[in-house]
Amino acid sequence: MPYYRSVGEVPRKRHTQFRQPDGSLYAEELMGQEGFSADSSLLYHRHLPTAIVAAQEYDPPAWTRAANRPLKPRHLRTHKLDAGGADAVLGRQPLLANDDVRVSYVVADRPSPLYRNAIGDECLYVESGTARVESTFGTLEVASGDYVLIPTSVIYRVVPTSDLLRLLTIEATGHIGPPKRYLSVRGQFLEHSPYCERDVRGPDAPLLVEGSDVEVYVQHRRGWTRYVYAHHPFDVAGWDGHLYPWAFSIHDFEPITGRVHQPPPVHQTFQGPNFVICSFVPRKVDYHPLAIPVPYNHHNVDSDEMLFYTGGNYEARRGSGIEQGSISLHPAGFTHGPQPGAVERAIGVDYFDELAVMVDTFRPLDLCEPALSCEDTGYAWTWAGRSTG
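Using the UniProt record's numbering, read the sequence shown as starting at 1 and increasing by one per residue.
I should point out that these hints are in silico values taken from the structure, not numbers from a laboratory.
Note that the structure is predicted; figures quoted are calculated from it, not measured.
A few of these clues could be false.
Have a look at the derived ranges for each label pair, beta carbon to beta carbon [as the list claims (entries may be wrong)]:
id, residue 1, residue 2, range
1, Arg-181, Pro-70, 17 to 23 angstroms
2, Gly-223, Tyr-3, 52 to 58 angstroms
3, Leu-190, Tyr-351, 24 to 30 angstroms
4, Asp-302, His-242, 28 to 34 angstroms
5, Thr-257, Gln-20, 51 to 57 angstroms
Glycine included, C-beta positions come from ideal geometry on N, C-alpha and C.
Taking the hints into account, I'd like the entire structure generated from these sequences.
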């Protein structure tokens, strides 16, 4: 995270004696990236964060992936995956994946177990509902439109505070953060950035929970392990640093517009290893007198493009069957663009009321079984005027 934060009680100097009210030392934990060479935070635990009493292999829900063959654009209707009795971690239904990133969808109605992803950062997008994200750093209250960034190896859980919580989850094999071009050399958001520090929410108070023999599910590079900790990991009295879970609302993203149609990089919100995340939000559109506001046909030869439609009316896709909760996949090797009639309809329009999250990857995205189960199989033919299936 690009700026410093201090929460709870911390000593004036790091790596010095810091004692609890009973005179015992707090257990200092440094959580950092890239081998002491990048962002980090110091946490002060009441108990040893290293104290485990059991470790057992765990087999998570199985999932497979298959190549997009024959190569064609795809339309997934995620709301067909609705099923009760799931949590926001173990209930994830993988849709699209490659060796850099996995995109899943989940409808949660119960608290998740305590969980640590030791492979990479996670970005959770709240399509609808509300939740409390609890972690060793504290609590984040999140709602529809929020992105939640969870750094690698943070122990957390998601507690829905509404009847249903709909999440799009993006799991990386590295770190996710603001694009470097938005930041100064010291990590401050620059003036041309479409969001800034005032838009970012982090935990603002410790979350002190007592407990013993507490289970934590860990996803790591060789599988999953279920640990039992001697004490509850949410025992941090204070912490400070630049590494912590944070939330940012898509509604606080300030769109960049121009006289003619602007390309997707102006919508970029985050970057990850070999992928980017973009936000398409309601905005004024092109003001050249001869402008065509919808996208031109385009073929990004190096990228697969995934769009999650999460609100409003997406003008370029009208007539394709796209609806709330839809995901479109337009792969490299296929030229894609607006639906028939969209170009003429858009001429003279000065405002788009759309909300969508885009993930562009530089390796091809494979299809997972839940994606195939909710696919609109007629989508690829809609440019030719055929009905959807």
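To see whether the hints hold, each was checked on the structure:
no.	hint	in the structure
1	Arg-181 x Pro-70: 17 to 23 angstroms	violated (37 angstroms)
2	Gly-223 x Tyr-3: 52 to 58 angstroms	violated (35 angstroms)
3	Leu-190 x Tyr-351: 24 to 30 angstroms	holds (27 angstroms)
4	Asp-302 x His-242: 28 to 34 angstroms	holds (31 angstroms)
5	Thr-257 x Gln-20: 51 to 57 angstroms	holds (54 angstroms)
Hint compliance for this structure: hints 1, 2 are not met, and every other hint is.
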